[in-house]
Amino acid sequence: MSGMHKCAPAKSESPKKPSTKKWGSSLLLTPKSSSLSPRSWLCNITLGASRFIPSISISQSLDISINAPHPPLTRQSCPLHSSLRPLRHSSRSLARLPPRLRNPPRPLKIAAGDLPPLGFRKGYLLMSTLGNSTNIFWHECPVGKHERQRLLDQKGCVVWITGLSGSGKSTLACSISRELHTRGKLSYVLDGDNLRHGLNKNLGFKAEDRAENIRRVGEVAKLFADAGLVCIASLISPYRKDRDACRAMLPESFIEVFMNMPLELCEARDAKGLYKLARAGKIKGFTGIDDPYEPPLKCEIELSQKDGICPAPGAMAGKVVSYLEEKGFLES
Amino acid sequence: MPAIRGPGACVYGTSGALRSRRAKDGELGFVGCCSGLGAARGPQLRSRVLRLGGRSARLAPVGAMEQGRTAYVNSKADGSEGENLHQISTVGNSTNIKWHGCSVDKLERQELLQQKGCVIWITGLSGSGKSTLACALSRGLHSRGKLTYILDGDNVRHGLNSDLSFRAEDRAENIRRIGEVAKLFADSGLICIASLISPYRKDRSACRAMLPGGDFIEVFMDVPLQVCEARDPKGLYKLARAGKIKGFTGIDDPYEPPLDCEIVLQQEGSKCASPCEMAEEVICFLEEKGYLRA
Chain A
1 MSGMHKCAPA
11 KSESPKKPST
21 KKWGSSLLLT
31 PKSSSLSPRS
41 WLCNITLGAS
51 RFIPSISISQ
61 SLDISINAPH
71 PPLTRQSCPL
81 HSSLRPLRHS
91 SRSLARLPPR
101 LRNPPRPLKI
111 AAGDLPPLGF
121 RKGYLLMSTL
131 GNSTNIFWHE
141 CPVGKHERQR
151 LLDQKGCVVW
161 ITGLSGSGKS
171 TLACSISREL
181 HTRGKLSYVL
191 DGDNLRHGLN
201 KNLGFKAEDR
211 AENIRRVGEV
221 AKLFADAGLV
231 CIASLISPYR
241 KDRDACRAML
251 PESFIEVFMN
261 MPLELCEARD
271 AKGLYKLARA
281 GKIKGFTGID
291 DPYEPPLKCE
301 IELSQKDGIC
311 PAPGAMAGKV
321 VSYLEEKGFL
331 ES
Chain B
333 MPAIRGPGAC
343 VYGTSGALRS
353 RRAKDGELGF
363 VGCCSGLGAA
373 RGPQLRSRVL
383 RLGGRSARLA
393 PVGAMEQGRT
403 AYVNSKADGS
413 EGENLHQIST
423 VGNSTNIKWH
433 GCSVDKLERQ
443 ELLQQKGCVI
453 WITGLSGSGK
463 STLACALSRG
473 LHSRGKLTYI
483 LDGDNVRHGL
493 NSDLSFRAED
503 RAENIRRIGE
513 VAKLFADSGL
523 ICIASLISPY
533 RKDRSACRAM
543 LPGGDFIEVF
553 MDVPLQVCEA
563 RDPKGLYKLA
573 RAGKIKGFTG
583 IDDPYEPPLD
593 CEIVLQQEGS
603 KCASPCEMAE
613 EVICFLEEKG
623 YLRA
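Sequences listed follow chains A and B, in order. By the working numbering, the letter at position 261 of the first sequence is numbered 261, and the numbering carries on one by one without gaps. By the working numbering, the letter at position 106 of the second sequence is numbered 438, and the numbering carries on one by one without gaps.
What the hints contain is simulated information worked out from the structure, not anything from laboratory work.
Okay, derived cross-link-like pairs now, DSSO-like style, lysine-lysine, Cα gap no bigger than 30 Å in a straight line:
| no. | chain 1 | residue 1 | chain 2 | residue 2 |
| --- | --- | --- | --- | --- |
| 1 | B | Lys566 | A | Lys222 |
| 2 | B | Lys603 | B | Lys570 |
| 3 | A | Lys222 | B | Lys534 |
| 4 | A | Lys145 | B | Lys566 |
| 5 | A | Lys276 | A | Lys241 |
| 6 | A | Lys201 | B | Lys534 |
| 7 | A | Lys206 | A | Lys282 |
| 8 | A | Lys298 | A | Lys327 |
| 9 | B | Lys576 | B | Lys534 |
| 10 | A | Lys222 | A | Lys327 |
| 11 | A | Lys327 | A | Lys145 |
| 12 | B | Lys621 | A | Lys145 |
Partial list, computed: chain A residues near chain B (C-beta under 7 Å):
| no. | residue |
| --- | --- |
| 13 | Asn132 |
| 14 | Asn135 |
| 15 | Cys141 |
| 16 | Pro142 |
| 17 | Ser177 |
| 18 | Arg178 |
| 19 | Asp191 |
| 20 | His197 |
| 21 | Ala227 |
For glycine and all other residues, C-beta sits at the position ideal for the given N, C-alpha and C.
Full structure from sequences and hints, please.
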């Protein structure tokens with residue numbers, strides 16, 4: 001384990017606080033007193049100690065306080081609590097584990113990339129007000145994205161499938177999920193319609209509700225990607241601006257897949273009977289009929305007909321999975 | 333309508349009545365509305381999946397459509413079987429939607445991960461140690477090779493719930509959305525640790541109802557207000573006492589403790605268990621109930 005940061009004694013520790021001898025002693029740093037930038041400072045901290053549970057408290061006075069034990073930073077000098085030692089598997093139970101879970105996790109290290117960009121954009125951490133949420137703090141945790149990715153042997157990302165209703169998004173999503181599963185990779189499908197049964201059931205199909213629908217799906221997809229899964233979002237998402245906003249949430253792990261199927265084909269399929277209802281005027285604002293679809297200008301993958309024939313879902317899924325493999329998402 | 337039934341049963345709502353059907357071995361177990369296939373493509377996909385899997389592919393149960401109206405729309409006249417009826421629903425404000433099943437279900441993901449997905453819902457006053465416990469729990473489970481994810485109330489308010497305030501109705505919506513997301517995580521096979529004040533009993537019960545029986549594990553951080561206030565890790569109690577924050581739980585907004593939670597972590601007098609010990613208690617519970625194996 002690398003690095004050792006000298007902790008300054010806490011200035012603000014109250015004698016009335018309940019006993020925190022097992023895990024708490026405060027470190028107070030101000031931007032003035034620290035000669036290190038927060039980014040390099042935090043890179044020096046290695047979480048080998050069992051009871052290091054960083055709780056980054058942030059305050060408007062621009063102080064950075066971290067609860068940390070006086071750091072014994074090697075496993076040998078600070079024996080792990082039994083609950084936190086890697087289990088010693090018997091050879092039989094070990095053999096039953098999938099390959100990537102057989103090796104115990106390596107010691108934790110907070111890399112700067114694990115920390116929320118919000119806190120470090122300005123070089124210090126602040127109590128935040130975001131939107132309507134006031135007085136909120138970002139809570140960091142020792143098990144971060146990199147640890148989860150190592151456990152799963154894959155990199156979390158979002159595959160965003162967009163296209164007209166009936167273009168085959170959900171079908172493709174399922175095929176991709178199946179293909180990844182056969183390779184031992186964990187994925188999860190966020191289907192627009194399915195989410196409208198639960199998380200987004202209070203949203204309609206007006207433009208602002210569509211935007212909110214896409215925003216929420218984007219945020220949830222981001223959480224899944226952070227958890228290390230390949231998250232496959234399949235929804236019409238007709239407006240470019242909303243898709244771009246989701247892309248901005250995930251700068252390096254957003255893969256846009258455009259199901260470029262002509263309207264005539266989608267309408268001929270009419271998988272859910274909705275085009276018929278829309279043409280009869282029973283559904284208003286239906287994408288492709290009386291609401292626009294804005295195709296992507298620069299998506300990662302475009303799937304379209306070849307000589308008037310639509311490729312099979314398996315073939316299209318193969319193309320997407322190959323792309324993921326090429327870009328290194330299917331390894332940690 | 334009841335929530336999702338146990339594995340293997342496919343439940344989908346009709347107008348008012350329930351039908352359930354167990355997938356037979358070797359059959360794909362299509363729920364009538366599932367997978368959004370063009371009807372012509374249905375048989376091809378069926379045979380393809382059977383070749384790949386060779387096992388009885390039991391689809392995950394279709395989520396029952398709470399407070400939803402459903403209507404059957406006949407499939408196109410191209411030879412689709414009767415069971416391929418398209419079930420278009422209205423749920424809340426979302427009209428004309430259809431549930432899509434998927435070929436990879438929860439059981440398969442659990443098999444891959446060697447664990448069962450569930451939600452650990454940690455509730456308690458601000459400063460009672462919820463986030464700390466969540467981190468300790470995550471660390472403890474990670475060291476056992478289990479995949480977890482923390483949904484911290486504050487963190488989620490940085491993203492998904494950034495449009496919500498702390499008024500009662502927004503708190504309810506905050507909890508509802510986190511409950512829904514936690515449900516998705518549990519469905520994906522992860523052990524989802526939700527740590528948020530969630531002060532109202534009604535909202536926590538609503539989240540419990542979203543998950544199949546036993547998959548919602550409520551952990552109550554039973555720490556007295558005085559102790560939380562003495563800790564005041566974020567300086568919020570001070571601001572609340574000074575009147576700079578209104579509607580702060582414990583000061584001028586109520587906290588309704590759970591009546592029937594699975595785990596209570598209590599502080600006795602001035603003695604407070606360490607986060608590791610508390611995490612160990614929760615992990616033992618999970619082990620007992622079989623969540624740490626497929």
